[in-house]
Structure formats: structure tokens, C-alpha cells
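Participant: Next come the chains, spelled out residue by residue.
Protein chains: 2
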Amino acid sequence: MKVPQGYEFNGISCGIKKRKKDLGIVISKQSATVAGVFTTNEYKSNSVLLCQHYIKNSRARVLIVNSGNANCANGENGYQAAEKICAQVARTLNIKNEEVLIASTGIIGEPFPENKIITNLKKLISVAGHNKVMDFARAIMTTDTYPKIAARNLNCGGMILGVAKGAGMIAPEMATTLCFLFTDVGINRNVLSSVLRQAVDITFNRISVDEEQSTNDTLLCFANSACGVKIDTSRKITEFKKAISGVLQDLAYMIVSDGEGATKIIKIMVKRAKNSNIAEKIARRIAGSVLFKSSIYGNSPNWGRIISAIGSLRLGIGEEFDVYYGREKVVTNGISLYKKRGKIKKYLEDNFEIDITVDLKKGRADYFLYTTDLSPEYVRLNS
Amino acid sequence: MKVPQGYEFNGISCGIKKRKKDLGIVISKQSATVAGVFTTNEYKSNSVLLCQHYIKNSRARVLIVNSGNANCANGENGYQAAEKICAQVARTLNIKNEEVLIASTGIIGEPFPENKIITNLKKLISVAGHNKVMDFARAIMTTDTYPKIAARNLNCGGMILGVAKGAGMIAPEMATTLCFLFTDVGINRNVLSSVLRQAVDITFNRISVDEEQSTNDTLLCFANSACGVKIDTSRKITEFKKAISGVLQDLAYMIVSDGEGATKIIKIMVKRAKNSNIAEKIARRIAGSVLFKSSIYGNSPNWGRIISAIGSLRLGIGEEFDVYYGREKVVTNGISLYKKRGKIKKYLEDNFEIDITVDLKKGRADYFLYTTDLSPEYVRLNS
Chain A
921 MKVPQGYEFN
931 GISCGIKKRK
941 KDLGIVISKQ
951 SATVAGVFTT
961 NEYKSNSVLL
971 CQHYIKNSRA
981 RVLIVNSGNA
991 NCANGENGYQ
1001 AAEKICAQVA
1011 RTLNIKNEEV
1021 LIASTGIIGE
1031 PFPENKIITN
1041 LKKLISVAGH
1051 NKVMDFARAI
1061 MTTDTYPKIA
1071 ARNLNCGGMI
1081 LGVAKGAGMI
1091 APEMATTLCF
1101 LFTDVGINRN
1111 VLSSVLRQAV
1121 DITFNRISVD
1131 EEQSTNDTLL
1141 CFANSACGVK
1151 IDTSRKITEF
1161 KKAISGVLQD
1171 LAYMIVSDGE
1181 GATKIIKIMV
1191 KRAKNSNIAE
1201 KIARRIAGSV
1211 LFKSSIYGNS
1221 PNWGRIISAI
1231 GSLRLGIGEE
1241 FDVYYGREKV
1251 VTNGISLYKK
1261 RGKIKKYLED
1271 NFEIDITVDL
1281 KKGRADYFLY
1291 TTDLSPEYVR
1301 LNS
Chain B
921 MKVPQGYEFN
931 GISCGIKKRK
941 KDLGIVISKQ
951 SATVAGVFTT
961 NEYKSNSVLL
971 CQHYIKNSRA
981 RVLIVNSGNA
991 NCANGENGYQ
1001 AAEKICAQVA
1011 RTLNIKNEEV
1021 LIASTGIIGE
1031 PFPENKIITN
1041 LKKLISVAGH
1051 NKVMDFARAI
1061 MTTDTYPKIA
1071 ARNLNCGGMI
1081 LGVAKGAGMI
1091 APEMATTLCF
1101 LFTDVGINRN
1111 VLSSVLRQAV
1121 DITFNRISVD
1131 EEQSTNDTLL
1141 CFANSACGVK
1151 IDTSRKITEF
1161 KKAISGVLQD
1171 LAYMIVSDGE
1181 GATKIIKIMV
1191 KRAKNSNIAE
1201 KIARRIAGSV
1211 LFKSSIYGNS
1221 PNWGRIISAI
1231 GSLRLGIGEE
1241 FDVYYGREKV
1251 VTNGISLYKK
1261 RGKIKKYLED
1271 NFEIDITVDL
1281 KKGRADYFLY
1291 TTDLSPEYVR
1301 LNS
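If you read the protein sequences in the order shown, they are chains A and B. The number in this note's numbering is simply the position in the first sequence, starting from 1, with 920 added. The number in this note's numbering is simply the position in the second sequence, starting from 1, with 920 added.
Since the hints were made in silico from the structure, they are not lab data. A portion of the hints provided could be inaccurate.
One copy or any two copies: either way a pair holds, since identical chains are not told apart in the list.
[What the hints assert, rightly or not] Calculated lysine-lysine pairs in the DSS-like style (CA-CA distance at most 27 angstroms, straight line):
| no. | residue 1 | residue 2 |
| --- | --- | --- |
| 1 | K1249 | K1259 |
| 2 | K1150 | K976 |
| 3 | K1260 | K1036 |
| 4 | K940 | K1265 |
| 5 | K940 | K1259 |
| 6 | K1281 | K1263 |
| 7 | K1187 | K949 |
| 8 | K1187 | K1265 |
| 9 | K938 | K1265 |
| 10 | K1043 | K1281 |
| 11 | K949 | K1249 |
Just so we're clear, the structure is a prediction, and the values are computed from it rather than from any experiment.
Make the full structure from the sequences, and use the hints.
Facilitator: Okay, here's the thing in C-alpha cells:
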């Protein structure tokens, strides 16, 4: 696998989880510009709190990630444990503590197993290598069934590599999303932050089912200048933004398709709303309806559940809306075309990716979201 | 079964559902005062729209209810069909059309089977009787596993009988709740409306998981004066309100415990909030968390999901909150008491009714809600 220059990766088992990789590291040979997007949950993991503190310096060398323990709701001890781990990594590599960024995912409210991690740091660091991305990707997984990696080459030189872990897809706000981007180009910190925010808005924010987020969600981008290319013209920034969005879109799609117990991907598109706020509200309400999602799992052509979900928002959008399953119109001006049920049942049975469109015919604002169906398997996994 | 004076009931199969009762009627021998509470969904069943129109007269003689078809999202035809049915009942009984109230539950977006209903009205009415409450209760069921009936005698004379049908308990807003109360006392319409609103607020509104409601939710109270007692003093009104609340509380509890695929009832109590708005938001957010509800199904002591759910609301309530499972404190000032996991696992395994308390220690406002766990069976039922 081609990876950006100047990065080494590793992932090992340190004993938090049984017989599975649970500790990963990425080391940049030179100091990298970093930007991040974090959960807005009121209760944040101690690892998120420390990472938010350190990232204020805008530069870092190392990312250390554990899975199996969220380092959350465990008080001052958890924060101090995260500090100790970063300090130990820094000592080993002879860098500053705040050049080590940390992220965690796993169960909330357990003591943080700092000793298991600290004991294994030397082993983790000493055999890190350019070719061990897959080990890192495996080490950050929780309920994911496969590691999630995506990449883009830049025409102007350099590349972007992304590694992510997924989340339960009914309520992704409750399960952690981690996503890390590594590029070997150089870029101004403010430009990187702005590009990242915009790219996240049309990718990772489109697989959320609610405004809510987990205690641990962390998205970071490292840019270490190792390939010698600088993203310093508007043409290059445009290309970079497109590539970042492409990597994030690939990873977001992988997270959805690997959603816990998911058997189908659903794209919900709300078209021609008066404003994008209305379009987004409707898309998120449908994506959040477990009854609708159960019906897709069962290949049941039950668009009444979409009508009821839209109506429950009381947005005053009136009766003049259409609903489509794939290209087939099933509701016209609020009235169900019930004779289509047979045809739509076949569409649901035959397709893995289901397109649902709500056309409000009121304005020019569109909004789309990806989600999955809800299967009995999801409940079993989470119980 | 003792029933209030002056009412006749019946329930038969008219062919909307296969081999199951699907058409019910209640006839009051004399004109009754009526009051109702209806869904606030933007898209209402045509049966709801007609019922809301007729109930403006404040008096009625008949309630006709079908299950199997919601009479919703089927356009003008559905409204006219409901009118025809009420007119036919009125003709048969020689009363005014607007003295016949209608309610429906079932699939959304199918043509309303008016002919099946109209053809069977004579049969339905001719053998209605004082002792056929159970037939009526069965005729309004959809996914309920048993008919739901509750009653209270009044010391001042007369009684209140209630019949209800339930709903999916993850998202009750998406499945119809029907509830009908019949009393043989006499009461002023405005007093009845006010009592009903207050009683619903502390009973049926406490089993909702969201502000949202189905297209068909209907709650009606008939008071026909047949026993000769008038509710006309503040003492009697207080007693009447308490009895109405008792009947509604019993029915609400039955609906929750018969929730689709439910194996447990969860009572969520939020205590000592700064104001009741905050308390209600937190209770509803927890009740709406499918991850939390899946964990209760699996007897999994995972209170991290409660912390994350509260934090996702970003209400700025700070760290100083406690969480209890039963009487056992599991989170103190935002920190997990992880050693309690074994004890709580046993509490979850041993109990059918699970009490969750969040103590905010900030003020004097409390709010409680009932919900259920989420089982794989729920998803299977709805797919």
C-alpha cells in the first residue's frame, strides 16, 4: 500500500481487549501541522480533552490511539493517565509532551488501563514502520468488521491517506467515530482547518442521524511537508479540498456500509426545500426513524412511515410533496400511490443501496444523508 | 364486567384484516358530552380530520372505529368515505351525522375500504350490547397481544370505563394510540376538556418517546349522564379527575408493557432539575436512545450510554449529577462507579420493571417517563 512520506505506523495488542489489537501509533518523522474536529457532547472523554488542549499548538509529531476503553466518566485519574501516556511517548522519542495527540474509543466509565498501555509503548514504537498502516487500522477498530482505509494522490504532488473506525448506524452519535488523515504536503494551519471543516460538513456530517455525537468522536489531519509540495495557491487548495473530501467520503461510506448489523445503505435526498434547514431536518428525521429503517430491512414498501415522520416535524410544508423509492414515484402531492407496492417490494429486494427522495417542490435547497436499515442483529450486538 | 350505564358495545370482522375483528362500535342510548385529544402530526388521517370537525358540536351518540387501515394519505376519497360511513350509521340509528365520531388505525396510504365497513354496519349495530366491551376492545387492536381495558368507580356515583390500543414502544409517535373513555355521569363540556387535558399530560404523554405523534392518535371521552350523577362541585371534579387519571394510567402502563417485542418496562425519573423543561428533555433523550434500550434488553450494566445521551443534549448541566439503577448509585458527580457492574447486572436480570433515576442536584423540577427495552423481536415485528 502506498502511504504518504515521512510517516510510520504500528498497531499491537496491549491487553485491553482479549487477543485483539487495541493500541495504535502513527509517528511523523518531522513536525506536522495539525487540525482537528471533535465531538460537541457535553461530556467528553479525557483523551479528547487532552487532545483539544495539546492541538492548540497547531503542530504535532505523534498520534496514539487505544480501543477498548473510552477514558470517559472516570474523573481526574483518566485525564492524568492520558497525560502520563503522552509524556512517556514524548520521552521515548525525545519530543515535547504536547506534540503527542491521543484518542480513545471503547466502553465508558471504566478506569483507564494506563499501565497496560505504558508497558507496551516501547514495543509499539520500536517496530513502527512505513508499511504497517493495516496494523494501525486494525488497532482502532471496535465493532467494525473490517479496517477502513482510503487514499487520494494529488496532481500537484503528495498524497492523502485516511484511516477510520465506524459506529452503530441507528444512533451513530452514541458510538465513537475516529478518523485520521495523513498527508505529506505542507499547508498553512488556518487553511487546513477551514478545508477540513468544509469537507467534514459534506461527508462525515452526512452520516450522522442526529445532531448528537459520542463522548469520543475525534477527526484529525496531519500535514508534515515531507514530500516538499506546498499547498499555497488557490488552485492547489481547491485540488486538496477535493481530495480530502474524496477520502472522507470513501471512509464515511465504509462506516455506513459496515454499520452494526446493517444489510442495506439508504441515501435520503430531500429536494427543493424552501431552505436547507428544512431539508436537513426532514432528512435527519427520516434517517432517525427506526420504524422506517425496520421496514427497509424487511423489504417492506411502507412509505406511510415517511409521511408520518415528515408530518411529525410540523414544519408546515403542506401536502404538495412527492416521495420516490429509486426512480419510482410512490407519493404524489401527499397521496399514496398504493398500487406501486409490488414494484417497490422488488426494488427493495433487488438493491443493496436504496435511494429515497422527498421532493418538496417549494424552493431550491437540497440535503442528503446516508444511513442504514435496522436489523434484529443490530439490537443483538448492542445488548 | 361492570360497565357504565347507557352504553352498548360491539366488535366484528368486516374483512379489512384476515379472520380478525377489525370494526368496533359504541352506542350511547342518550346524547353524550364529548371531548377529545388528537395527534398534532401535520398529516392527519381523514378519520381524525372528520372526527375533529364533528366534535366541535360537543355532543355525540356513537363511536365507530376500524383497525387495519389508517385512512391516511389517500386524498379526498378517504375523507368522503369517512363521511359516508358516519352518515350510514346516523341513518340506521336515526340521529345526526355529526353525532357519529370515527377513528381508524392501520396501514397508511391505502384506499379506505368503505364498502367492507358499510356492508357490515347493520350487523354491527343490530347485535351491539351492554356486555360486549371485550369484542369492541379486540376490534381496535393492531399489534397488541391483549385487549386493554381499565375502570374506576366514583364514590359520588357512576363509573369510568377505558379501552385502548397500543403502539410500538421505541417510537410510539409512529404507531397509533387509540384510547376511549366512557362514563355515565354528567359533566360540563369545558370542565371535561380541562380535566382530560390535565390527566393526559401526566399519563399518556409520559409514555411518548418524542414530541412526535402518529397520523391517527385519538383520545375521546364520552359522558352520557345515564346514572343521574352530575359532576358539578369542586370536590366531585377532583374525584372525577383522579379517577380519569387512574384509568388512563392503567391503560398507559398496559400499552408500555405490551410494547412491540418489549421484555421490560423502564421508568426514567429525572430529579432536581433547574426547571421541568430540562428534566423532560433529559428523560425523553434517554427514553429515545436505542443503544441504552438495547443494553437493558441484554441486562448489560452500560450506564455510559446514559452519560453520553445526557451530554449529547448540551444543556450545560455540568458534572454534578448522579445516576441510579434501582436504589443503587452507579454514577456520582459524573464519575462512573464501575465496580457496581456485577450488582447491577443482577438487578437487571432479576427485575421486569427497571427504575433509572438521574439526580441533577440543581433545583426542584422532576419529570418521569415510561418506556421499554428494545429487543430484536421489535425489529422483526416492524420489518
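Participant: Which of the listed hints are broken here?
Facilitator: Of the numbered hints given earlier, those the structure breaks are 7, 10, 11, listed in rising order.
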